[in-house]
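Heads up: the protein sequence lines correspond to chains F and Z, in order.
Just so it is clear: in the first sequence, position 263 is 263 by our numbering, and no numbers are missing.
Just so it is clear: in the second sequence, position 34 is 34 by our numbering, and no numbers are missing.
Note that these hints are calculated values from the structure, not bench results.
Some clues are possibly wrong.
Unchecked claim - Simulated coverage check for chain Z against chain F, where a stretch passes if three residues somewhere in it have a Cβ under 8 Å from a Cβ of chain F: (1) 50–62; (2) 103–115; (3) 163–169.
As the list claims (entries may be wrong) - Pairs of lysine-lysine, BS3-like flavour, derived with a Cα cap of 30 Å: (4) Z:K18 to F:K170; (5) Z:K20 to F:K108; (6) F:K156 to Z:K53; (7) F:K108 to Z:K159; (8) F:K77 to Z:K94; (9) F:K58 to Z:K108; (10) F:K170 to Z:K59; (11) F:K108 to Z:K40; (12) Z:K159 to F:K170; (13) Z:K159 to F:K59; (14) F:K20 to F:K58; (15) Z:K53 to F:K108; (16) F:K18 to Z:K108; (17) F:K20 to Z:K20.
A virtual CB, placed ideally from N, CA and C, is assigned to each residue, including glycine.
There are 2 protein chains.
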Amino acid sequence: MSCEHDHDMATASSVVPKVKLFGAPYSTCTSRVIMCLMEKQVDYDLQVVDIAKTQDHKKPEFLAMQPFGMIPVLQDKDIQVFESRAIVRYIARKHEGHGTPLYGTSEKDRAMVEQWLEVEAQNYNPAIAPAVWHLVHAPLFGQQGDPAIAATSLQKLEKVLDVYEGVLSKSKYLAGDFFSLADLSHIPFTHYLINDGGKAQLISAGDRKQGCSVCNMMSLKVVKTYDLQKFRVNVGDVVAQLDPEGRASDGRLIVDSISRVIPKRPCSGFQ
Amino acid sequence: MSCEHDHDMATASSVVPKVKLFGAPYSTCTSRVIMCLMEKQVDYDLQVVDIAKTQDHKKPEFLAMQPFGMIPVLQDKDIQVFESRAIVRYIARKHEGHGTPLYGTSEKDRAMVEQWLEVEAQNYNPAIAPAVWHLVHAPLFGQQGDPAIAATSLQKLEKVLDVYEGVLSKSKYLAGDFFSLADLSHIPFTHYLINDGGKAQLISAGDRKQGCSVCNMMSLKVVKTYDLQKFRVNVGDVVAQLDPEGRASDGRLIVDSISRVIPKRPCSGFQ
C-alpha cells in the first residue's frame with residue numbers, strides 16, 4: 001500500500017525504485033525508520049503489517065523475511081534488512097551525501113553518533129520502554145498497565161537523563177552540535193511518553209537545568225520536522241478503531257498523516 | 001599497563017601510537033573489544049579498571065570519560081569512544097582493509113552484519129545475560145544466583161537459538177559465509193555459558209540439528225583463535241583471588257593469557 005508521502009514524491013523520483021518498508025505506523029521501531037527515510041529524503045512505500053488484529057507478523061510469508069516475527073523490515077532491491085537500528089544505519093550510510101548528514105561530517109562525529117546510538121539502545125530504551133508500555137500502549141491494546149512498573153521505569157530514566165543533562169550542557173545534541181541518527185533514534189518512545197504518557201515535565205525546563213537543551217534534542221527539531229501532535233491524534237484514531245475484543249486495527253487509516261511533513265512550528269507544546 | 005600482546009607487536013608497530021583500552025579482562029564487553037582489536041591486528045594497551053574491589057569505574061576521573069560509569073572505553077588519539085558495540089564498529093571501520101574483513105566485502109554484507117549485530121544486542125544478549133549472571137558471575141562475586149531466573153533466561157535463549165538454527169542451515173555464519181563482527185559479538189557471553197555455566201549442550205550437535213553450524217559460529221572459529229579454555233581457567237584465577245569479602249581482584253594476573261593468541265585446535269571441546 002502506498003502512503004501520501006509517496007504520492008508527493010512520485011513525480012520527482014518515478015524512475016528510482018522505491019524502497020519498501022514493512023511495518024506499522026504506531027510502532028516505535030517503524031517510526032524510527034520512517035523518520036530516517038524522511039531525513040534522508042528517500043521515497044518509500046509503507047506496507048502495513050497488522051500486528052494486532054490479524055497478526056500478520058507471525059504468518060509464514062512474513063517469517064520468511066523476519067524469522068523473529070517482528071516489524072519493521074526494509075526491502076531495497078536485493079537487500080532486505082530487519083532490526084530498526086540496523087535499517088537506519090543502512091539508510092544513513094547508503095544516502096550519506098543526501099538529506100541531513102545523520103552521521104555528521106568527520107570520523108570523530110561518526111564515532112560519537114555510534115556511541116550515543118548504542119546508549120539509546122542499551123541505556124535509554126530499556127529504561128523508557130516499560131513506562132511507555134504501562135502508561136500508553138497497554139491501555140491502547142485493552143490491557144491493564146502496572147503503575148508500579150511504570151514508576152520504576154521512570155526512576156531509571158531519570159538517571160539516564162541526569163547524564164544527558166551533563167552532556168547537553170556542553171553540546172547542542174548528543175553526538176555534538178549536529179542532529180544525528182542518535183538523537184533521531186530517541187524520538188519514538190520519547191514522543192509517546194511526553195505526549196501520551198503525560199510526562200512532558202521529565203524533559204522540560206521546569207524539572208531540569210538543561211531542560212532547554214534536552215528539549216532542543218527531543219522536541220524542537222522533531223516538532224519542527226514531524227507532526228508529532230498529529231501523530232498523537234492518530235494514536236487516538238487507533239483507540240477509536242479498537243474492535244470489540246479490544247484489539248487495535250491494522251492502522252491503515254492513520255498512515256497518511258504520519259508520513260506527512262508539516263511546516264515548522266515553535267517548541268511550545270513541551271514546556 | 002601493557003599486556004603480552006603489546007610486547008609481541010611492539011617491534012612491528014612501534015611508530016604507531018597504541019590505542020588505550022580501559023576495561024577488565026573478565027568483563028564480557030571488554031572481551032568483545034579485545035577480540036575485535038585482535039581480529040584487526042591493532043596493537044593496544046589494556047588499562048585495567050578495577051570494577052570490583054576499588055570500584056574505579058565510579059570515580060570522578062573515570063566518570064569524566066564515561067558518564068554512566070561502565071567499562072570499556074577506547075582512546076585512540078583524540079577520539080574517545082564508549083559502549084562496546086560502538087567501539088567495535090569504530091575499530092572495524094577504521095581498519096577496514098586490515099586483518100579480518102569483519103564487515104564482509106559488499107554493501108549487502110555490511111547490511112547483514114549490522115542486522116545480526118543488532119539481533120545480538122536486542123535478542124541474544126537480553127536472553128543470555130541473566131543466565132550467565134545467575135549461573136556464573138553471581139557466585140564469582142560472592143552473591144547467590146537464582147536458578148529460576150537462569151531457567152527462564154535459558155528458555156528465552158532456546159527460542160533465539162531456534163531462529164539461528166534455521167539461518168545457519170543456509171549459511172556458515174550469521175551474516176553469510178564469512179566470520180563477522182556479528183558472530184564475534186556473541187562470543188563473550190556464549191563462552192561463559194558453555195564453559196563455566198555448564199550449558200555446552202545448548203549449542204552442541206546433541207541438542208540441535210544445526211548444532212555443527214552453531215558450533216562453527218560460536219566455537220570453532222573462536223577456539224581456533226582465542227584460547228577460551230585458557231580464559232575459563234583464568235576465571236578460576238579470579239575466584240582464587242577473591243578477597244575475604246568475596247569481591248574479585250582487579251584481574252591484573254589474568255590479562256596476559258587472555259590476550260594471547262594460541263594455535264589452531266579442533267572443535268571437540270564443545271561436542
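Taking the hints in turn, this is what the structure says about them:
Given a C-beta distance limit of less than 8 Å, the hint that chain F covers the region 50–62 of chain Z is violated, as 0 residues qualify and 3 are needed. Taking a C-beta to C-beta cut-off of 8 Å, the region 103–115 of chain Z contributes 7 residues in contact with chain F, enough for the three needed, and the coverage statement holds. Here's how the region 163–169 of chain Z fares: 3 of its residues keep a CB closer than 8 Å to some CB of chain F, so the rule of at least three is met and the hint holds. Proposed proximity of Z:K18 and F:K170 is supported: the alpha carbons are some 28 Å apart, at most 30 Å.
Only pairs whose Cα atoms come within 30 Å are accepted, and Z:K20 paired with F:K108 is accepted, the gap being roughly 16 Å. A C-alpha spacing of about 25 Å is found between F:K156 and Z:K53, which places the hinted pair at or below 30 Å, so the restraint holds. Between F:K108 and Z:K159, the direct Cα distance comes to roughly 38 Å. Violation of the 30 Å bound is thereby established for this hinted pair. Proposed proximity of F:K77 and Z:K94 is supported: the alpha carbons are some 28 Å apart, at most 30 Å.
Between F:K58 and Z:K108 the CA atoms are separated by roughly 26 Å; this keeps the pair inside 30 Å, and the hint holds. With a C-alpha separation of about 21 Å, the suggested pairing of F:K170 with Z:K59 holds against the 30 Å cut-off. Taken as a hint, the F:K108 and Z:K40 pair is honoured in the structure, with Cα atoms around 19 Å apart against an allowance of 30 Å. A threshold of 30 Å between alpha carbons decides the hint, and for Z:K159 with F:K170 the separation of about 43 Å lies outside it, so the pair is violated.
Only pairs whose Cα atoms come within 30 Å are accepted, and Z:K159 paired with F:K59 is accepted, the gap being roughly 17 Å. With a C-alpha separation of about 19 Å, the suggested pair F:K20 and F:K58 falls inside the 30 Å cut-off, and the hint holds. Between Z:K53 and F:K108 the CA atoms are separated by roughly 34 Å; this puts the pair beyond 30 Å, and the hint is violated. Between F:K18 and Z:K108, the direct Cα distance comes to roughly 17 Å. Compliance with the 30 Å bound is thereby established for this hinted pair.
Note on F:K20 and Z:K20: the hinted pairing is violated, with a Cα-Cα distance of about 43 Å set against a maximum of 30 Å.
In summary, the structure is inconsistent with hints 1, 7, 12, 15, 17 from the numbered list given earlier, while agreeing with the others.
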